[in-house]
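S.K.: Residue strings, one per chain:
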Amino acid sequence: MKVLELINVNKIYDGSEVHIQAVNNVTLDFQEAEFAAIVGPSGSGKTTLLNLIGGLDKPTSGEIIIDGTNLATLKSSDLIDFRMRNIGFVFQAYNLIPVLTAKENVEFIMSLQNWTRQKRDERTFELLKAVGLFDRMNSRPSKLSGGQQQRIAVARALASRPKFVLADEPTANLDSKSAATLLEIMEKLNHEEKITFIFSTHDARVVKMAHRVITLEDGKVVSDDLRK
Amino acid sequence: MIWKTAWKNVWRNPVRSTVVISSITVGVFAGVFSVAMMEGMVNQRMRSAIDEEISYIQVSAKGFRTDYDPALIINNSGKIESAIKNTPGVTGLCERIVLSGMANTARKSTGVQIVGINPDQEKEVFSLFRKIMPGTGTYFEKETQLNQVLIGQDLAKDLNIIQYSIDSAKLSELKVNGIPGNITDRLSVLTGKRFGSEKLFVKKLKSMFSASEAARYGQLIKDKAWTFREGSRLTLTFLDKDNNQVGAAVRVTGLYDIYNNIYEKNVVFVKNDDLRKLSGIPNNSFHQLIVKINSIDNTDVISSGLKIKLPDLEVLSWKEIQPDLALLSEMTQIYYAIFMLIILAALAFGIVNTMLMVVLERTKELGMLTAIGMNKKKVFTMIMLESVFMSVIGGIIGILISMLVISLTAKNGINFSQYSEGFEALGYSAHIYPEIAPLFFAEVVVLIIFTGILSSIYPARKALKLDPAEAIRTE
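Quick note, the sequences are listed as chains R and F, same order. The opening position of the first sequence corresponds to residue 1359 in this note's numbering, with each subsequent residue numbered one higher. The opening position of the second sequence corresponds to residue 403 in this note's numbering, with each subsequent residue numbered one higher.
Note that these hints are calculated values from the structure, not bench results. Do not take every clue at face value.
Said to hold, decoys possible - Here are the computed distance ranges between Cβ atoms for each label pair:
hint, chain 1, residue 1, chain 2, residue 2, range
1, R, 1368, F, 860, 51 to 61 Å
2, R, 1399, F, 755, 56 to 66 Å
3, R, 1477, F, 816, 37 to 47 Å
4, R, 1477, F, 737, 46 to 56 Å
5, R, 1471, F, 872, 34 to 44 Å
6, R, 1389, F, 747, 37 to 47 Å
7, F, 778, R, 1582, 48 to 58 Å
8, F, 872, R, 1365, 20 to 30 Å
Said to hold, decoys possible - Within a straight-line C-alpha distance of at most 30 Å, the following computed DSSO-like cross-link-like pairs (lysine-lysine) qualify:
hint, chain 1, residue 1, chain 2, residue 2
9, R, 1521, F, 606
10, R, 1360, R, 1501
11, F, 780, R, 1433
12, F, 606, F, 624
13, R, 1487, F, 606
14, R, 1433, F, 778
15, R, 1487, F, 624
Built from N, CA and C at the ideal position, the CB exists for glycine as well.
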């Protein structure tokens, strides 16, 4: 089942002195439960493309359709709500809420969606167990390692069962062991939860594990390899 | 979760939050306690004016209050008094004869208002009988051959009836009261000397002691040196009902002491019967009927009713007799609100500054929250709650400290006796008992919450304008 579709998407930054085409006529679609990596050199447009897919930025032209909804048709306030219900985010710098515990960070989005406490707790415990941090649920982010924080970020992204998770360079700040653990967890959750993962990366280890690898150069898709 | 996150965010930087909360605490305490002091002063002034000077309602012949013409009397007051007493809410009534005249001693003379009273009736309406200075006599309780007069302490000073002297007994008392030996030793040279006025005595003290000694011990020495001979005599002169000048020697039955110097200097009391004989005012005729009622809140209703019942007489409420008091009573609540608003407005700038720093420091986090789906309303609510939490914590602590300090000072009051002349010249007591209506605390809490919300609007708007994609990239 198609969860995301990009049709002739362009993003041009047009300033008085610079004219940059960050994304150039990209057409892609993603199916349910895909585990896809977007790769390419720095400045190739990976982050811009993820921002466009995540509704954090608007394309200059083209359409982005998520589960049948064209993002361009949504008002700003509806777009925020749409993101909350359909897209999970994992950031390079983890970006957890430092004053909340691991458990509270995971349940934050469910709380924004007014889930009952019982449902929130069930889902939070399930995810904390899945990422191997159930025993650290009451720790604040500052008491967790980088790898542990990123695992909590993955749990948060999956909490409200989004259509897909966008991860921008999720292993960039991790050592090889933590990165490997994170990738294993992400792949396991992708398989168990049937949620699509789309991540940008430079990391060869991530690329190796991806089921599909999309290569960008100067904003253009130059290859799209389906491996599994 | 928004409330919980906002609460935890307040304590993210505990030092900064504590500084902001402390400034709010100090500001609220300063505001509330100042208001309690003012309220205490105003209420004392109101109570004093109504209980000792004017009461609630006065009835007189039309035009009497304009120039106090002794011929403008209420004749055959019996029916009128019955009509007043039968009015619901009236709890007391007294009759007065009021004449303008002079009080004279061998040394001084001064203009006074001579008020003829029935002492027993007066006790139902006024509390002046409780204000007789100890050791100066009584409230018309002793029978004397000469007519009696009750005068104010300040008039006694003006007429040089009060004198100042030092003797060995007074020196011993001063020592007991903590005056150092070197001061009493120097003071002993005044033994046997009499000073006819406070001014002369103070002048002498200033020549004998340094400025700091005079400031520190002067008041106590003055209080002890104060001498009044019970039964001192003076002469009252005034015009009788036919405009003939009449004079009479009277004996001072006692001195009253209230917080209004002007009243003390100008109003003397004699018995109605004595004044009636001297002035020729007929029996059952008076210049004023003074009415006491059950509650100050009923003043307008009862005085309006009496105006209708007694159309041929002038009926005036305390608000009409002393419009300054009415203004004071009506304006104070507005004044207190403005005063608190100014303090809270000043505090609001501090909160705005802190919250702007909060938004600036958390740009990345706020961008992330918007990215993952926290809508503008919730971001605004979270920042507003942080501001309100700090305001309310500071405000509540400020109010609690105020309540504690007010309760501690309300019992014994705060004594500004060194400024008593200034206070009493304006009709206020120099001994202030802070007091405050419980409702005021509720009003302050509402104002504090309001301040917290207002202070958060600008910083929250800044947060709402953040572009999540850009904010997340912020380092």
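S.K.: Run every hint past the structure and note whether it holds.
M.R.: Hints, one by one, checked against the model:
no.	hint	result
1	R/1368 to F/860: 51 to 61 Å	violated (37 Å)
2	R/1399 to F/755: 56 to 66 Å	violated (44 Å)
3	R/1477 to F/816: 37 to 47 Å	violated (60 Å)
4	R/1477 to F/737: 46 to 56 Å	holds (55 Å)
5	R/1471 to F/872: 34 to 44 Å	violated (26 Å)
6	R/1389 to F/747: 37 to 47 Å	violated (59 Å)
7	F/778 to R/1582: 48 to 58 Å	violated (37 Å)
8	F/872 to R/1365: 20 to 30 Å	holds (26 Å)
9	R/1521 to F/606	violated (97 Å)
10	R/1360 to R/1501	violated (40 Å)
11	F/780 to R/1433	holds (17 Å)
12	F/606 to F/624	holds (11 Å)
13	R/1487 to F/606	violated (92 Å)
14	R/1433 to F/778	holds (13 Å)
15	R/1487 to F/624	violated (85 Å)
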